[in-house]
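*Asks:* Chains as they are written, first to last, in my numbering: chain A, 16 to 314; chain B, 129 to 663.
Honestly, the hints are just simulated from the structure, not real lab data.
Treat each hint with caution, since some may be false.
Label-pair restraints from in silico Cβ distances [said to hold, decoys possible]:
(1) 649/B - 68/A: 55 to 65 Å
(2) 318/B - 100/A: 21 to 31 Å
(3) 49/A - 424/B: 32 to 42 Å
(4) 553/B - 97/A: 24 to 34 Å
No experiment lies behind these values; they were computed from the predicted model shown.
All C-beta atoms, glycine included, are put in the ideal place defined by N, C-alpha and C.
Now for the letters of each chain:
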Amino acid sequence: MKRHLSHALTTAFAILGGLAPLAAHAEWGNLNMPVGVTELSKEIHSLHMTIFWWCVAIGVFVFGWMIWSLVAFRKSQGAKPDTTMVHNTKAEIIWTVIPVFILVIMAIPAARTLIAIEDTRNTEISIKATGHQWKWQYEYLGEDVSFFSQLERASDEARQLNSGIDPTTVPDYLLNVDKPLVVPEDTKVRMLLTANDVIHAWWVPAFGMKKDAIPGNVNELWFKVEKGKTGIYRGQCAELCGRDHGFMPVVVKVVTKDEYKAWIAAQKSAANPAATESTAEPAADAAPTVAALPAVPKG
Amino acid sequence: MANTATHDHAHDDHDHKPHGLKRWLYATNHKDIGTMYLVFACVMFFLGGAMALVIRAELFQPGLQFVDPGFYNSMTTMHALLMIFGAVMPAWTGLANWMVPMQVGAPDMALPRLNNFSFWLLPFAFTLLLLTLFVPGGAPAGGWTLYPPLSLQAGDSFPLTIFAIHLMGISSILGAINVVVTILNMRAPGMGLLNMPLFCWTWLITAYLLIAVMPVLAGAVTMLLTDHFFGTAFFTASGGGDPVMFQHIFWFFGHPEVYILILPAFGVVSEIIPTFSRKPLFGYESMVYATASIAFLSFIVWAHHMFTVGMPLAGQLFFMLSTMLIAVPTGVKVFNWCATMWKGSISFETPMLFAIAFLFLFTIGGFSGLMLAIVPADFQYHDSYFVVAHFHYVLVPGSVFAIMAGVYYWLPKWTGRMYNEKVGKIHFWLSTIGVNVLFFPQHFLGLAGMPRRIPDYSTQFADWNMVSSIGAFLFGFSQLLFVYVIWNAVRSGEKAVDRPWEGAHGLEWELPTPAPYHSWDTPPPQAVIAKGSMH
Numbered sequence: 016m017k018r019h020l021s022h023a024l025t026t027a028f029a030i031l032g033g034l035a036p037l038a039a040h041a042e043w044g045n046l047n048m049p050v051g052v053t054e055l056s057k058e059i060h061s062l063h064m065t066i067f068w069w070c071v072a073i074g075v076f077v078f079g080w081m082i083w084s085l086v087a088f089r090k091s092q093g094a095k096p097d098t099t100m101v102h103n104t105k106a107e108i109i110w111t112v113i114p115v116f117i118l119v120i121m122a123i124p125a126a127r128t129l130i131a132i133e134d135t136r137n138t139e140i141s142i143k144a145t146g147h148q149w150k151w152q153y154e155y156l157g158e159d160v161s162f163f164s165q166l167e168r169a170s171d172e173a174r175q176l177n178s179g180i181d182p183t184t185v186p187d188y189l190l191n192v193d194k195p196l197v198v199p200e201d202t203k204v205r206m207l208l209t210a211n212d213v214i215h216a217w218w219v220p221a222f223g224m225k226k227d228a229i230p231g232n233v234n235e236l237w238f239k240v241e242k243g244k245t246g247i248y249r250g251q252c253a254e255l256c257g258r259d260h261g262f263m264p265v266v267v268k269v270v271t272k273d274e275y276k277a278w279i280a281a282q283k284s285a286a287n288p289a290a291t292e293s294t295a296e297p298a299a300d301a302a303p304t305v306a307a308l309p310a311v312p313k314g
Numbered sequence: 129m130a131n132t133a134t135h136d137h138a139h140d141d142h143d144h145k146p147h148g149l150k151r152w153l154y155a156t157n158h159k160d161i162g163t164m165y166l167v168f169a170c171v172m173f174f175l176g177g178a179m180a181l182v183i184r185a186e187l188f189q190p191g192l193q194f195v196d197p198g199f200y201n202s203m204t205t206m207h208a209l210l211m212i213f214g215a216v217m218p219a220w221t222g223l224a225n226w227m228v229p230m231q232v233g234a235p236d237m238a239l240p241r242l243n244n245f246s247f248w249l250l251p252f253a254f255t256l257l258l259l260t261l262f263v264p265g266g267a268p269a270g271g272w273t274l275y276p277p278l279s280l281q282a283g284d285s286f287p288l289t290i291f292a293i294h295l296m297g298i299s300s301i302l303g304a305i306n307v308v309v310t311i312l313n314m315r316a317p318g319m320g321l322l323n324m325p326l327f328c329w330t331w332l333i334t335a336y337l338l339i340a341v342m343p344v345l346a347g348a349v350t351m352l353l354t355d356h357f358f359g360t361a362f363f364t365a366s367g368g369g370d371p372v373m374f375q376h377i378f379w380f381f382g383h384p385e386v387y388i389l390i391l392p393a394f395g396v397v398s399e400i401i402p403t404f405s406r407k408p409l410f411g412y413e414s415m416v417y418a419t420a421s422i423a424f425l426s427f428i429v430w431a432h433h434m435f436t437v438g439m440p441l442a443g444q445l446f447f448m449l450s451t452m453l454i455a456v457p458t459g460v461k462v463f464n465w466c467a468t469m470w471k472g473s474i475s476f477e478t479p480m481l482f483a484i485a486f487l488f489l490f491t492i493g494g495f496s497g498l499m500l501a502i503v504p505a506d507f508q509y510h511d512s513y514f515v516v517a518h519f520h521y522v523l524v525p526g527s528v529f530a531i532m533a534g535v536y537y538w539l540p541k542w543t544g545r546m547y548n549e550k551v552g553k554i555h556f557w558l559s560t561i562g563v564n565v566l567f568f569p570q571h572f573l574g575l576a577g578m579p580r581r582i583p584d585y586s587t588q589f590a591d592w593n594m595v596s597s598i599g600a601f602l603f604g605f606s607q608l609l610f611v612y613v614i615w616n617a618v619r620s621g622e623k624a625v626d627r628p629w630e631g632a633h634g635l636e637w638e639l640p641t642p643a644p645y646h647s648w649d650t651p652p653p654q655a656v657i658a659k660g661s662m663h
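All chains should be built: construct the whole structure from the sequences, respecting the hints.
*Replies:* Take a look at the structure:
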């Protein structure tokens, strides 16, 4: 019997696998929120896990109660109803008060983390990110460095309707840009978020945070990538912003402080002779709004 | 009932009804109008479902195989508008039309002509909305939430959509007024408010929510309209307006709207679980108070839909705490349902199966709702597939399952015929398996970082999207069985007795089967009311 079952399961998975040429790239293990690489993202992750385990605990109790009732009080097993059981003040008070306690226990750490999230004092670098349909513009405040960041060409070609290109052959399909945001590790970076046309949202899961970029508003968000966590972190626009909302990645390259200094210096010297760099768009899917953008200020 | 058939039919007897098209066009009978609402809801459910299958087909694999991203956005937008305003809300109004007069001992709804008008607005509203699929610029694609400035970028669909929403709103308000007036004025003598079945109670509260918030939606979309055509700048930053203000106004409507979709479900489940547990509802009064508390709280939690817009810390804390509070009355309800089954004598007919699935799966949706209330964690969950999983869990195995449970439960009373229990159970199991395969993996996708409302995704999300799509097709096609079961019952079902469920209490079961055209021509006597009331 058992062998039968496992055989059936294997067959079922084989069928699924046959449907999926992608099964080779199996990512079945992507079940949970990533822990992230900033202090805040770790706190957020632990809040997420705490509330999750509370839900599991309550679930074990509630579902256990339900299943117990459904099994123990089956009419087919001769259960007789106790029709006098219509009300019980004590029980009702208990199951009102206990949830309140659980909520208070949850609310305290959540409020603490929220206060930390909102604390944007002592930031070392400020970067303004402006959402455009469908690309991000980054301006390093006080540094005269500014550029656009949009879906890189290989993804853009593969994502066209019936492109014939297998997305699995494109590295970091849809999560790669022509020019990533570069920030140093171990530095409190403040993002100032706004938008030029419609509402966008800037999200890097590894940093634990997303925030809307809204025309006419400036929102703040900060992150401090832990020392030693250099690398490339990827996210996407998270607020529906029109046709190509799904094709507007956020890519952040975290480097050491020295590399960052060198990178900023290189950007400045590269920007000075030729002011065209940041407006030279790959034409494939350039939004009409690009032409109307104000010229990026150059030193 | 001289007032229900007037002009060309002076002669008036009890079961007299006009025939053919006129019966439906001029309908003033609560049962006919209820049927039309339910049929309309069913049609919209399949149209909205077809759009969902377009979405899931496109998401079956990474890369774009079937549709343009702009059309994809139209599909998500239209799917939501059709399902919310076209399927779930009219289905509830249809059930209210059928059941409220029967349950309170009235002959009909209080305002039969208004009833006719509020139904017949809907086909026109949705014809307008569906027409947008064929106008230049395509159907609305900015999400059902219509956030400006994006919604203002729509093409010719824009005024059609706004007008359609106005019509739906008027229809809902009129339907709600009818329910309120019927419940408050037409109850049989001797039936106090706290003798009413829970379905009437939850609908009464829902009706007040509708009357309170549909005008807010109308105001919000009218402001969009004037921003678009008449040069105002309510929501246009360059003119001194604020796009975030729209979101506040919209969600002041939107959150009560969420409860408009679910409160009547609480009512239906509170009817079905006692019936098949053969035991009175546990904590009837606390159920009523919990429903009222949920309705009250729904007005002070709206900004939890917009934690990422950048609110002051105090605002975020307030909305986090008020949102968490909702768990308390909702918990009371779930515990009361559990306590109702406890020491019962439970049997598992199709309505009960759907009610049990509701209990389990709505609770899962409640858990993810609790998680979403934690603001810092919401910064990760917001606008990801985790949210999609959450609200589909409360809407599909929540509201939709409760509607189906209600239809199975009352169908014998409506038609005088039993449905096929075997096919009903197959429909139940396919739906329940399908809905979980469809929506459970979306929790994983969201937590792993997949944003919602995207037509294509990075390859790391491929596996669970494929599973989800398989579930979608299973769930979608299983619903054809639902139509078959009903059709089959109406055409050739076995004759049903007056009380097909031995544990059923309530005035509707004191009527003959099928229920007479004018439900209670004379108010039921006290003894019958007492027999029907279970507490």
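*Asks:* Check the structure against each numbered hint from earlier and tell me which ones fail, lowest number first.
*Replies:* Result: no hint breaks.
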